[in-house]
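Chemist: So the protein sequences, as listed, match chains A and B.
If you're matching positions, the first sequence starts at 1 in my numbering and goes up one per residue.
If you're matching positions, the second sequence starts at 1 in my numbering and goes up one per residue.
Keep in mind that the hints were calculated from the coordinates and are not lab data.
Some clues are possibly wrong.
Derived lysine-lysine pairs resembling DSSO-like cross-links, with alpha carbons at most 27 Å apart [what the hints assert, rightly or not]: (1) B:K324 / A:K81; (2) A:K102 / B:K324; (3) B:K324 / A:K136; (4) A:K173 / A:K106; (5) B:K240 / B:K10; (6) A:K173 / A:K156; (7) B:K250 / B:K102; (8) A:K136 / A:K115; (9) B:K173 / B:K115; (10) B:K81 / A:K294; (11) B:K136 / A:K294; (12) A:K294 / A:K324; (13) A:K115 / B:K324; (14) A:K136 / B:K294; (15) B:K106 / B:K173; (16) A:K173 / A:K240; (17) B:K102 / B:K156; (18) A:K324 / B:K324; (19) B:K294 / A:K115; (20) B:K115 / B:K136; (21) A:K136 / A:K81; (22) B:K81 / B:K156; (23) B:K136 / B:K106; (24) A:K324 / B:K81; (25) B:K115 / A:K324; (26) A:K81 / B:K102; (27) B:K173 / B:K240; (28) A:K324 / B:K102; (29) B:K156 / B:K173; (30) B:K115 / A:K294; (31) B:K136 / A:K324; (32) B:K294 / B:K324; (33) A:K250 / A:K324.
Partial chain A-side listing against chain B, Cβ under 7 Å, derived [claimed, not checked]: (34) A38; (35) T40; (36) F82; (37) N84; (38) Y193; (39) H311; (40) H319.
Glycine included, each C-beta is placed from N, C-alpha and C at the ideal position.
There are 2 protein chains.
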Amino acid sequence: MSHLTFDIIKTDGQARLGTLMTAHGAIDTPAFMPVGTAGTVKAMTPEAVAETGAQIILGNTYHLMLRPGADRVERFGGLHKFMNWPGPILTDSGGFQVMSLKGLRKMSEDGVIFKSHIDGSSHNLTPEYSMQIQHKLDSNITMVLDECTGYPATEKEAESSMQRSMRWAQRSKDAFVARPGYGLFGIVQGGIYPALRQQSAASLQAIGFDGYAVGGLAVGEGQEVMFRVLEQTTPHLPAKRPRYLMGVGKPSDIVGAVRRGVDMFDCVLPTRSGRTDQAFTRMGQLNMRNARHKDDTRPLDPTCSCYTCRHYSRGYIHHLGLAKEILGATLLSWHNLHYYQDLMRGLRDAIATGALDAFTAIFAAEQNAGDIDPI
Amino acid sequence: MSHLTFDIIKTDGQARLGTLMTAHGAIDTPAFMPVGTAGTVKAMTPEAVAETGAQIILGNTYHLMLRPGADRVERFGGLHKFMNWPGPILTDSGGFQVMSLKGLRKMSEDGVIFKSHIDGSSHNLTPEYSMQIQHKLDSNITMVLDECTGYPATEKEAESSMQRSMRWAQRSKDAFVARPGYGLFGIVQGGIYPALRQQSAASLQAIGFDGYAVGGLAVGEGQEVMFRVLEQTTPHLPAKRPRYLMGVGKPSDIVGAVRRGVDMFDCVLPTRSGRTDQAFTRMGQLNMRNARHKDDTRPLDPTCSCYTCRHYSRGYIHHLGLAKEILGATLLSWHNLHYYQDLMRGLRDAIATGALDAFTAIFAAEQNAGDIDPI
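When you get a sec, could you build the whole thing from the sequences and use the hints?
Modeler: Printed below as a string of structure tokens:
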């Protein structure tokens, strides 16, 4: 029995409308989780994040374990209290970021020994240690430590890597301390190989998790391959548990993945784009540094009801970008997060009314409608 | 007759409690004006600025004329609309910042020819042109163009400079287009020389302004000299018009200047300090980068009711500073602006109840009480 209640209210094709219940509140799915890397969703207050409609945010175990440190966060009463976010929090295992520290880490069956990018101190990230850290952070959704298989990888490499991830999944489960309203998600690996993905999904179900993530995608394989792997994976996951596509993605990635049965997403794109003067709109992406915006009194998106679009012009946001003003990063991050939450609301409404095909067609047509800037 | 109504409600010694009425709302005095250099109070939304209690902000003509340009701001409906600040705005003349561009500017009786720090373009800032720009910005309180006398300056230099400022004050007045709820302030110059200050005050009153600023202070002369010059100047200003001490200052500067009859202040200190991890508190100034804060669960100031102090610990703010997170600049700017507005509220309440001496004694004792960090 799971410690995270998940109710599926309605389906439309493979897509699912649901509610995931945690100790810190409910999450309507399909859901997008803004990334709060170092204990803050960059350039945003928590109240502004909530105002966009976000119900859950993601914290990065790698960053938080190094600074301010998991013990310190625990002494402050957990990450919710430390960062003033009373809602649900999902934390990653730290593995993905540690493994991307090429020359600074050493992998073994036990775990990953790595050096901090901040002070060079040495750390040993094992499945057991990752669970301890995530417990100290008071994460509502803990992720198993896995080995994110690189891309490209041969079938042999992908299999060996996936098998290790499955052993680590078992160790993560063994070390995880269950509590009501807190859960542990397994992560399917296996690269682009359907048989490996199927085998990984089966192994995880044999262990038993509160939810199932699809890992090792959005690492350079392209949208077409990603969608194909999803089609070959989600049918092998338990129907009644939430599914999370890690680190994804562009708006069109999300729409396509929801249609293939994914319930949860996270990505730095809306906030990172906001800090580099990029705006997502229903009509495409805008580069706010482009001089064509300087005299434009219209909001970023006339159909958007976010704080930024209610109060500020494209011309003003263009000005803030040129002047490198902090408020520019805040206004664009706010709008972009609101755009992503609007997209999720649209998807949920479409599933609720059995109109996902029509929603998808309109989404695709609008994205190609042409208010887009050359980036 | 003035186009800005100023009512003095109560006095306590030289200090005055008043209300200044503009087309965009009322300002309770003594007032502190946050600085919105380039069309934004750095790291703050306008709603957050208003939430601290600020009723008027300052815009910098020099920055705004170069980018986005006064004509563009006018096409957007003025600075209030452009930056989403519906309250009163005071703009400086641009002179102070232009004159600090040492090798890039050339002074003459006509005005100042200077090169833009942004694109090297050449501009000629005259009293008439400064008035035009400030009109286009839709400034509620326009400042005359003056020559800010350097420090130190001989009496002869200070006199010659002050005389030019008086001629420019007349030209500014002639070029200013009066409207109800919009006013023009003159600026007293004369360096540290009482006779010159008195002569300057008389010259300005002969021209007639809606308010009188004291310029050329906080330029290196120190608090003692500044207070002495104020004592030698404010008695020569009309009792019924607002007085503004430009670019000041530290909390103790403001308390001392209010006691010497000043009604309005502006300074970048609360926001600039916020972006460099400094916090003003009743017990002194904190350097939030100091490691002693890392495990401190207390707010910046337990007596403060600002957004930051209601929701965040010193330890969290210390963490944001180390991680160079934008939210750190926002939270500290918010707190510091709230501290300044609390100080002004305290001064106004003290004047209202005839308790300014007691307020000043408590202020001085608290500032030396010792929660201060070595900076």
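Chemist: So, for every hint listed, does it hold in this structure?
Modeler: Here is how each hint holds up against the structure:
no.: 1; hint: B:K324 / A:K81; in the structure: holds (20 Å)
no.: 2; hint: A:K102 / B:K324; in the structure: holds (24 Å)
no.: 3; hint: B:K324 / A:K136; in the structure: holds (24 Å)
no.: 4; hint: A:K173 / A:K106; in the structure: holds (23 Å)
no.: 5; hint: B:K240 / B:K10; in the structure: holds (12 Å)
no.: 6; hint: A:K173 / A:K156; in the structure: holds (26 Å)
no.: 7; hint: B:K250 / B:K102; in the structure: holds (26 Å)
no.: 8; hint: A:K136 / A:K115; in the structure: holds (21 Å)
no.: 9; hint: B:K173 / B:K115; in the structure: holds (26 Å)
no.: 10; hint: B:K81 / A:K294; in the structure: holds (15 Å)
no.: 11; hint: B:K136 / A:K294; in the structure: holds (17 Å)
no.: 12; hint: A:K294 / A:K324; in the structure: holds (15 Å)
no.: 13; hint: A:K115 / B:K324; in the structure: holds (21 Å)
no.: 14; hint: A:K136 / B:K294; in the structure: holds (17 Å)
no.: 15; hint: B:K106 / B:K173; in the structure: holds (23 Å)
no.: 16; hint: A:K173 / A:K240; in the structure: holds (19 Å)
no.: 17; hint: B:K102 / B:K156; in the structure: holds (21 Å)
no.: 18; hint: A:K324 / B:K324; in the structure: holds (16 Å)
no.: 19; hint: B:K294 / A:K115; in the structure: holds (22 Å)
no.: 20; hint: B:K115 / B:K136; in the structure: holds (21 Å)
no.: 21; hint: A:K136 / A:K81; in the structure: holds (12 Å)
no.: 22; hint: B:K81 / B:K156; in the structure: violated (45 Å)
no.: 23; hint: B:K136 / B:K106; in the structure: holds (25 Å)
no.: 24; hint: A:K324 / B:K81; in the structure: holds (20 Å)
no.: 25; hint: B:K115 / A:K324; in the structure: holds (21 Å)
no.: 26; hint: A:K81 / B:K102; in the structure: violated (50 Å)
no.: 27; hint: B:K173 / B:K240; in the structure: holds (19 Å)
no.: 28; hint: A:K324 / B:K102; in the structure: holds (24 Å)
no.: 29; hint: B:K156 / B:K173; in the structure: holds (26 Å)
no.: 30; hint: B:K115 / A:K294; in the structure: holds (22 Å)
no.: 31; hint: B:K136 / A:K324; in the structure: holds (24 Å)
no.: 32; hint: B:K294 / B:K324; in the structure: holds (15 Å)
no.: 33; hint: A:K250 / A:K324; in the structure: holds (25 Å)
no.: 34; hint: A38; in the structure: holds (5 Å)
no.: 35; hint: T40; in the structure: holds (5 Å)
no.: 36; hint: F82; in the structure: holds (6 Å)
no.: 37; hint: N84; in the structure: holds (5 Å)
no.: 38; hint: Y193; in the structure: violated (39 Å)
no.: 39; hint: H311; in the structure: holds (5 Å)
no.: 40; hint: H319; in the structure: holds (5 Å)
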